[in-house]
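Enquirer: As a plain string of letters, each chain reads:
There are 2 protein chains.
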Amino acid sequence: MSKKSFKVGLLGLGTVGGGTYTVLNENAQEIERRLGFPIQVVAVAVQNIERAKKIVGDQVQVFSDGLAVVKHPEVEVVVELIGGYTVAKQLVLAAIQAGKPVVTANKALLAVHGDEIFSAAAQANVPVLFESAVAGGIPVIKALKEGLAGNQIEYVAGIINGTSNFILSEMRDKGLPFNQVLKQAQQLGYAESDPTFDIEGIDAAHKLTLLSAIAFGIHAQFNKAHIEGIQELTAQDIAFAEELGYRVKLLGITRLVEGGVELRVHPTLIPSKRLIANVEGVMNAVSIKANAVGSTLYYGPGAGALPTASSVVADLIEIARLVQAPSQCRVSTLAFQYDRLQNKPVLPMEKVVTSFYLRLLVDDKPGVLAQLTSILSKHHISIGSMIQRQLEDEGEEAQIIMLTHSCIEGDMNKALAEIETLDSVLDKVVRIRVEDLN
Amino acid sequence: MSKKSFKVGLLGLGTVGGGTYTVLNENAQEIERRLGFPIQVVAVAVQNIERAKKIVGDQVQVFSDGLAVVKHPEVEVVVELIGGYTVAKQLVLAAIQAGKPVVTANKALLAVHGDEIFSAAAQANVPVLFESAVAGGIPVIKALKEGLAGNQIEYVAGIINGTSNFILSEMRDKGLPFNQVLKQAQQLGYAESDPTFDIEGIDAAHKLTLLSAIAFGIHAQFNKAHIEGIQELTAQDIAFAEELGYRVKLLGITRLVEGGVELRVHPTLIPSKRLIANVEGVMNAVSIKANAVGSTLYYGPGAGALPTASSVVADLIEIARLVQAPSQCRVSTLAFQYDRLQNKPVLPMEKVVTSFYLRLLVDDKPGVLAQLTSILSKHHISIGSMIQRQLEDEGEEAQIIMLTHSCIEGDMNKALAEIETLDSVLDKVVRIRVEDLN
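Heads up: the sequence lines are chains A and B, in that order.
Sequential numbering of the first sequence, starting at 1, is according to the numbering used here.
Sequential numbering of the second sequence, starting at 1, is according to the numbering used here.
Zero decoy hints are in this set.
The list makes no distinction among identical chains, and a pair is therefore deemed to hold if it is satisfied within one copy or across any two copies.
In silico BS3-like pairs for lysine-lysine, Cα to Cα no more than 30 Å straight-line:
id, residue 1, residue 2
1, K289, K7
2, K174, K273
3, K428, K378
4, K4, K344
Worth flagging that the hints you see were computed from the coordinates, not collected in a lab.
Since this is a predicted model, take the numbers as computed values, not measurements.
Using the sequences and the hints given, assemble the complete structure.
Expert: Written as structure tokens, this is what we have:
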């Protein structure tokens with residue numbers, strides 16, 4: 001029953017595509033020793049045909065038209081690594097319609113057009129695997145879909161954007177402002193020339209949307225995600241957080257709660273002693289809380305040619321193994337049977353419960369603190385710890401830093417609106433959410 | 001093609017068996033939503049039948065004879081959770097001979113009798129899954145077998161015994177001696193009344209043997225493992241390590257090297273800034289280096305009823321999915337095709353290359369240091385950093401703590417033998433291996 005080889009069509013031969021080709025070749029022996037037969041790239045689609053031919057040589061057919069690869073009679077699985085929405089979506093849907101399994105690293109496509117793609121895949125009974133779309137080389141999708149399959153997932157919280165984690169690590173380490181570190185990250189190649197998706201939290205929200213779907217068995221709801229980036233963070237707040245025993249991370253959090261799921265990306269204070277708080281530089285980590293196992297964490301490189309290719313190739317090996325099995329032998333694309341996905345609305349942020357870090361610039365006069373705490377208390381917000389510090393050069397002003405206990409975000413909004421009308425409060429209040437992740 | 005339910009026979013209803021029964025019941029809806037059909041325990045074998053009936057009620061048949069469960073006509077998978085070698089082995093082999101898949105948490109059995117069990121399973125084409133045997137609830141077996149399947153694994157290094165990690169954490173935290181912390185761990189239920197397997201590294205070596213087999217596609221070689229426990233460690237060395245920027249952990253390390261594999265469990269200094277160095281208390285973590293992805297880490301609870309059951313149930317779900325698929329659709333039991341396992345000998349410790357922490361008690365006289373470094377240098381050992389400290393109450397004696405660069409263990413043995421003959425060296429030299437894990 002053994003077969004000659006499992007034949008792959010690659011769409012794209014850029015960073016991840018090239019990495020995938022390299023890994024398949026370099027580790028060919030080991031892969032065959034695992035599978036019992038080899039995996040072979042037989043066709044690629046690229047923009048620059050000459051460049052591609054130099055990479056793949058004569059053994060692989062090179063096309064400029066992606067559809068030629070999708071429809072290629074030898075191709076048994078289509079690997080989409082071109083990115084973007086339009087062409088990538090057409091090709092993925094064409095592969096599904098042709099009954100060919102799809103492997104893709106395209107988180108943006110799946111997060112935004114997931115419903116269309118996953119329902120087409122379910123109808124056609126075609127697997128769509130996307131381990132490489134979330135957290136690069138960390139096999140966290142497999143952990144959620146299979147390793148923790150005996151659990152009800154309670155929450156997933158992840159550092160899933162390496163660029164912003166690098167920037168935050170540098171800001172903390174060197175006390176430098178955001179803009180300066182961003183420039184440095186761009187020079188090092190850790191940030192794109194247009195860094196919007198990374199620093200504004202959009203890339204993290206794409207990935208979080210997929211994690212949320214497979215954690216809870218729900219549809220992808222990217223358009224409902226609450227997204228804040230790191231562009232407003234100051235080195236000062238990072239330092240105060242440190243003083244209070246916390247690290248600031250851009251966290252993607254999805255949690256099952258009464259009435260729905262939370263789906264939010266924002267800067268977050270995490271107790272320094274948590275393992276995830278110590279994930280530095282471009283590395284990623286995902287923390288998962290589940291009802292049987294408790295807390296587990298998955299750590300590794302979240303981007304890069306070879307780490308991402310590691311996940312692409314893992315998906316290819318899985319498909320190669322299962323392509324001839326009855327479809328019920330495969331793990332469902334979204335971890336749960338497609339007809340058993342649930343409609344869980346995303347909780348509005350006003351209803352989310354977290355603690356808060358607050359920094360207020362106030363007149364350094366008697367009675368101010370009493371005013372503040374009285375307003376907070378009226379809105380059911382109590383204070384856990386506090387720092388008060390006079391500004392060095394302006395004796396009349398002071399900074400007050402507070403950590404609150406858990407409260408409803410809507411209450412915090414009301415309290416801060418009221419606080420900001422006070423004469424003794426001299427600036428907009430800085431607030432950053434706090435997650436204990438215990 | 002859907003089926004009514006997948007029927008399980010449980011051998012043992014102790015901590016993990018009871019936990020498995022609980023998780024299957026509590027998460028039954030979620031499991032069915034994933035699989036498309038339910039998993040149902042139909043028979044259990046226990047010593048105390050009355051106690052078992054109180055737990056499982058009338059819906060489940062209770063036997064005192066394990067074979068009755070193995071041979072039960074309804075049972076489709078056998079879960080071995082009784083532990084030990086003799087009876088467990090008989091029952092596992094009987095299940096395999098009956099063509100029934102096996103799930104087991106029995107690391108000792110698989111590490112010591114793996115060859116016999118895995119070859120029987122390969123011959124009979126029956127899956128044997130053992131996620132719960134290593135690192136409790138952390139799905140690290142799945143990560144190695146599938147998530148990183150596109151890689152050549154370079155090394156696996158793990159904190160895979162919670163008891164000893166708890167003891168080391170407490171010794172460091174409170175500066176207490178080993179014996180005192182061990183007693184405390186026993187009172188807390190973190191250590192058995194006979195703690196030998198945990199503190200002497202045997203349990204970790206069982207688990208490491210399995211990790212090694214699936215990382216490299218080799219046979220289980222527990223009897224070749226080098227095993228040192230934590231019973232000789234002093235709070236003083238832990239404190240000096242800390243001063244040098246290191247944590248001491250009981251690490252299981254298996255590494256692919258020229259001419260074979262390393263397979264060793266021993267106390268190890270790890271740079272404090274590594275994530276794995278910050279794994280405290282009874283938690284486990286496994287760090288894996290592989291040629292495509294680089295370094296990844298998997299963290300979570302390494303023991304306990306529900307965490308271990310989480311892994312047992314994940315294995316059950318996998319078998320339920322794949323039981324009717326052709327056998328080539330399943331991942332091989334040891335990650336690689338059984339007929340492609342390789343014979344990699346375990347490297348003798350004399351040939352292993354590591355750095356060392358050394359602590360020497362010497363006469364505080366001129367020339368001693370020159371003697372020491374000259375002997376080390378003669379054996380190709382160079383020094384990275386050093387602390388020299390006079391003993392408070394005895395002015396004539398001093399402690400010298402050295403971190404060496406990488407060297408061959410055989411050279412270190414010779415150098416220390418020579419050093420210990422010096423008149424100015426007043427006691428046996430303390431040495432602990434150092435791993436950078438970068």
